[in-house]
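Protein chains: 2
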Amino acid sequence: MPKTYELTGLGNAIVDVIANGTDDFLAKHGIIKGAMNLVDAERSKYLYDAIGTARQVSGGSAANTMAGFASLGGKGAYLGKVADDQLGEFFAHDMRAGGIHFDCTPLKNGPATARCMIIVTPDAQRSMNTYLGACVEFSEEDVDESLIADSKIIYLEGYLFDKPTAKMAYLKATKKARAAGTKVSLTLSDSFCVERHRADFQKLIADETDILFANEAEILAMYQTTSFEDAVKAVRGKCDVVAITRSEKGSVIVTATETIEVPVQPVAHVADTTGAGDQYAAGFLFGYARNMPLATCGALGSLAAAEVISHVGPRPETSLAQLAQQQKLAA
Amino acid sequence: MPKTYELTGLGNAIVDVIANGTDDFLAKHGIIKGAMNLVDAERSKYLYDAIGTARQVSGGSAANTMAGFASLGGKGAYLGKVADDQLGEFFAHDMRAGGIHFDCTPLKNGPATARCMIIVTPDAQRSMNTYLGACVEFSEEDVDESLIADSKIIYLEGYLFDKPTAKMAYLKATKKARAAGTKVSLTLSDSFCVERHRADFQKLIADETDILFANEAEILAMYQTTSFEDAVKAVRGKCDVVAITRSEKGSVIVTATETIEVPVQPVAHVADTTGAGDQYAAGFLFGYARNMPLATCGALGSLAAAEVISHVGPRPETSLAQLAQQQKLAA
Chain A
1 MPKTYELTGL GNAIVDVIAN GTDDFLAKHG IIKGAMNLVD AERSKYLYDA IGTARQVSGG
61 SAANTMAGFA SLGGKGAYLG KVADDQLGEF FAHDMRAGGI HFDCTPLKNG PATARCMIIV
121 TPDAQRSMNT YLGACVEFSE EDVDESLIAD SKIIYLEGYL FDKPTAKMAY LKATKKARAA
181 GTKVSLTLSD SFCVERHRAD FQKLIADETD ILFANEAEIL AMYQTTSFED AVKAVRGKCD
241 VVAITRSEKG SVIVTATETI EVPVQPVAHV ADTTGAGDQY AAGFLFGYAR NMPLATCGAL
301 GSLAAAEVIS HVGPRPETSL AQLAQQQKLA A
Chain B
1 MPKTYELTGL GNAIVDVIAN GTDDFLAKHG IIKGAMNLVD AERSKYLYDA IGTARQVSGG
61 SAANTMAGFA SLGGKGAYLG KVADDQLGEF FAHDMRAGGI HFDCTPLKNG PATARCMIIV
121 TPDAQRSMNT YLGACVEFSE EDVDESLIAD SKIIYLEGYL FDKPTAKMAY LKATKKARAA
181 GTKVSLTLSD SFCVERHRAD FQKLIADETD ILFANEAEIL AMYQTTSFED AVKAVRGKCD
241 VVAITRSEKG SVIVTATETI EVPVQPVAHV ADTTGAGDQY AAGFLFGYAR NMPLATCGAL
301 GSLAAAEVIS HVGPRPETSL AQLAQQQKLA A
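If you read the protein sequences in the order shown, they are chains A and B. Read in order, the letters of the first sequence correspond to residues 1 to 331 in our numbering. Read in order, the letters of the second sequence correspond to residues 1 to 331 in our numbering.
Incorrect hints may appear among the rest.
Since the list can't tell identical chains apart, any single copy or any two copies may satisfy a pair.
List of simulated lysine to aspartate or glutamate pairs, DMTMM-like, C-alpha gap at most 25 angstroms [said to hold, decoys possible]:
no., residue 1, residue 2
1, 45, 84
2, 183, 317
3, 175, 144
4, 28, 216
5, 28, 317
6, 163, 137
7, 176, 142
8, 75, 49
9, 183, 49
10, 152, 195
11, 45, 317
12, 167, 216
13, 45, 85
14, 175, 24
15, 183, 142
16, 108, 84
17, 328, 210
None of these hints come from the bench; they were simulated from the model. Keep in mind that this is a model prediction, so the values were computed, not measured.
In isolation and in its complexed conformation, chain A is listed as follows:
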């Protein structure tokens, strides 16, 4: 029987609060540039008082990927946890408005919906400060097993390993996926996240993952090397497909027997790199779900990433389906 969903994402449901800032601002406030910095409620408040005027858009790594996947015309669902507050309403609205199935019961009487303060520096790099809020309550109970079974592929964030209950939810989802013939894809999320969970992630990659996404910093951190070639060698064959993004150098798709180099799509002006990896995964998985050749999957990833870095904000603002048609990458 064909599955209802082509892709179901699981991740931290987050609203992004985006402000411009300088390198001096990052240094003054001890924010690690380019990283996802976890902050508690107190530091979140402190940083919010310090940042400039902001815009709010729905974010969250896997949720961004689902938005891109839906923009390409894919049929998707999402599992994550918001609170019963205005930010949670905003996040849920955007998922549903994008045509993504999202059936979360908002958390009552607990922490607020998660927010991520993103400082965009003049070089278009983004530095994130995430207060996980209600995401901490994302647990096995939130993993709808019938939805997992009814999905062709699931997509999971490495970030889920940052909280014990979310990690249990992750493992429940992969277990169900394997039993139901659902493919499992994983993004390593962030090099510091890899540092925190290296052993767990190595086990996940070897035992529970069909498709792995990583950027260069993450794959180097995973195998504790400074040589990209060595990292590729180390990961090759560990799962069916590994797609490694290398910023302006494009991406490399690695299987047991093949290495496919995919160029980037040129962008006139890079405004904000937030969501580049998320959108690459969206494009790649759209192609993969529709059984396209791996090189086409990579080209769709490049297309989606190029769109999102051309403006501020982590989700596509133009129809990726139309862009893909124009470039003859989709029907």
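Starting from the known structure of chain A, fit chain B onto it as the hints suggest.
Just chain B now, kept in the frame of chain A:
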């Protein structure tokens, strides 16, 4: 004694929820194109369920003007009402982050912070749907008389006349201003707002206003004519200065004895006209507060309006002070 603030704005404190939409969408949902449509809580929810993915940015006509004024380097304050919720926190953050004095005690146990759902059509026109929420509670008590007296100019929205308590607040502010030697400026806000309050506004213009802002549709509605020349004739001399914006035709500054035509600043791509009038007023009042010639005030208005229509969102995203310096319009 010199006054502490160059400009204090009074208005509806609103968070904008911006989504793209088509003319068909507007027609289907009975939204008057280009207008500010007032909606109740129920219709607000209905429309929110109908609109596409959105971004949230702080808005509110006079608040947008204050943001532009501060971006030019002006010293400003703002009076308006938010609720004790996440949207209210967001609005307050943006005012303070912009360097604008905003000392509102958030409303507890009442309606939520006001929000305005703005549909931007492909022609860059914006159609607004405003749920006034906590703004309904803005009243005389919120008008800090010492702040009014300590401001060189106050700036008021015609929109304040849409609710009885806000109207009383308006009148208290103008009364105090006149007693304290503070100049009073008014924007007519919206042609439908003019229709609702024509007699009141005519009295305000004649008796309580030094500087009047209107766009072409508003000034025509005010004097119930289709002739721009007749409208100018009707308003001339009613207050010290009248600045009328005419979209791509530029603006016209009208005093008892003078008519100054001000060209627009060219914009490569008009993305969203939201905030054009608000930013024109910001630029104009910055020049006026610093005793610049009226033609320069108009040029600063054009500069600020051009910045804001070049991107989505109602407030400047680049430093207007730097733009003004580049164009030798400010020190």
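A quick look at each hint next to the structure:
Taking CA atoms no more than 25 angstroms apart as the test, residue 45 paired with residue 84 passes in both settings, with 20 angstroms inside one copy and 15 angstroms between copies. Proximity of residue 183 and residue 317 under a CA criterion of 25 angstroms is satisfied in neither setting, with 28 angstroms inside one chain copy and 43 angstroms between copies. Taking the shortest alpha-carbon separations for residue 175 and residue 144, only the intra-copy value of 12 angstroms comes in at or below 25 angstroms, while the best inter-copy value is 62 angstroms. When the C-alpha separation of residue 28 and residue 216 is checked against a cutoff of 25 angstroms, the pair qualifies neither within a copy, at 27 angstroms, nor between copies, at 48 angstroms.
In this homomeric assembly, residue 28 and residue 317 come within 25 angstroms of each other (Cα to Cα) only across copies, at 23 angstroms, whereas the closest approach inside a single copy is 33 angstroms. For the homomeric pair residue 163 and residue 137, the shortest alpha-carbon distance inside one copy (9 angstroms) is at most 25 angstroms, but the shortest distance between copies (42 angstroms) is not. Taking the shortest alpha-carbon separations for residue 176 and residue 142, only the intra-copy value of 13 angstroms comes in at or below 25 angstroms, while the best inter-copy value is 58 angstroms. Taking the shortest Cα distances, residue 75 and residue 49 sit within 25 angstroms of each other only across copies (20 angstroms), while inside one copy they are farther apart (39 angstroms).
Taking the shortest alpha-carbon separations for residue 183 and residue 49, neither the intra-copy value of 43 angstroms nor the inter-copy value of 33 angstroms comes in at or below 25 angstroms. Proximity of residue 152 and residue 195 under a CA criterion of 25 angstroms is satisfied in neither setting, with 30 angstroms inside one chain copy and 57 angstroms between copies. In this assembly of identical chains, residue 45 and residue 317 lie within 25 angstroms of each other by CA distance solely across copies; the values are 23 angstroms between and 29 angstroms within a copy. Taking the shortest alpha-carbon separations for residue 167 and residue 216, only the intra-copy value of 24 angstroms comes in at or below 25 angstroms, while the best inter-copy value is 60 angstroms.
Taking the closest pair of Cα atoms, residue 45 and residue 85 come within 25 angstroms of each other both inside a single copy (17 angstroms) and across two copies (14 angstroms). Taking CA atoms no more than 25 angstroms apart as the test, residue 175 paired with residue 24 passes in neither setting, with 45 angstroms inside one copy and 46 angstroms between copies. Taking the shortest alpha-carbon separations for residue 183 and residue 142, only the intra-copy value of 20 angstroms comes in at or below 25 angstroms, while the best inter-copy value is 59 angstroms. In this assembly of identical chains, the alpha carbons of residue 108 and residue 84 lie at most 25 angstroms apart whether taken from the same copy (6 angstroms) or from different copies (18 angstroms).
In this assembly of identical chains, the alpha carbons of residue 328 and residue 210 never lie at most 25 angstroms apart, being 27 angstroms within a copy and 60 angstroms across copies at closest.
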